[in-house]
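*Asks:* Sequence:
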Amino acid sequence: MTAPTALTPPISLDEDLGLVAVFGSQVPTVTVAEITDDTYLLDVREDDEWAGGHAPGAHHLPMMELPARLSEVPDDRDVAVICRSGGRSAQVVAYLTRNGWDQVRNVAGGMGEWAAAGRPVIGENGQPGRVL
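Heads up, the sequence shown is in UniProt numbering, so the first residue is 1 and it goes up one at a time.
Treat the hints as calculated values from the structure; they're not laboratory data.
Some hints could be false.
[What the hints assert, rightly or not] Pair ranges (Cβ atoms, derived):
no., residue 1, residue 2, range
1, Asn99, Gln127, 17 to 25 Å
2, Arg77, Thr31, 26 to 34 Å
3, Gly118, Glu65, 13 to 21 Å
4, Glu72, Asp38, 15 to 23 Å
5, Ile122, Gln26, 25 to 33 Å
Using N, Cα and C, we set each Cβ at its ideal position, and we do this for glycine too.
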């Protein structure tokens, strides 16, 4: 199967996991354990998902806003892209790579894996959050 060239948001978890199958083997990945404080963590989930819970210090840029906001993504440091399960973020990594980024990787397992690994998840108000 050939990966789509445009960014297309999944509607359901099944579709998100389907994107993992399409893009997962085509993009470089990083595990949650490999992410350091120096890594620029880019969360590409929707606003409601972000508000429900995100990684402290992450930068929020919903996937469909990326083409208009490319200049916000640093191209001179390691960037780890995260979503709920790794599908949308894999698509974003492929998009960024096609547009000249070479230090960008997909977070394997997404926020689900982040939370399962015991990493902190906070809500918009700074209180403990949960992965939506």
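*Asks:* Confirm or reject each hint.
*Replies:* So, going through the hints one by one against the coordinates:
Distance hint for asparagine 99 and glutamine 127: a CB-CB separation of about 36 Å, inconsistent with the stated range 17 to 25 Å. The hint said 26 to 34 Å for the Cβ distance between arginine 77 and threonine 31, and at roughly 18 Å that hint is violated. Taking 13 to 21 Å as the suggested C-beta distance range, the pair glycine 118 and glutamate 65 does not conform, at roughly 30 Å. The beta-carbon spacing between glutamate 72 and aspartate 38, approximately 18 Å, falls within the hinted interval of 15 to 23 Å.
One distance hint, 25 to 33 Å for the beta-carbon pair isoleucine 122 and glutamine 26, holds here, with the actual separation near 31 Å.
Of the numbered hints stated above, those contradicted by the structure are hints 1, 2, 3, listed in ascending order.
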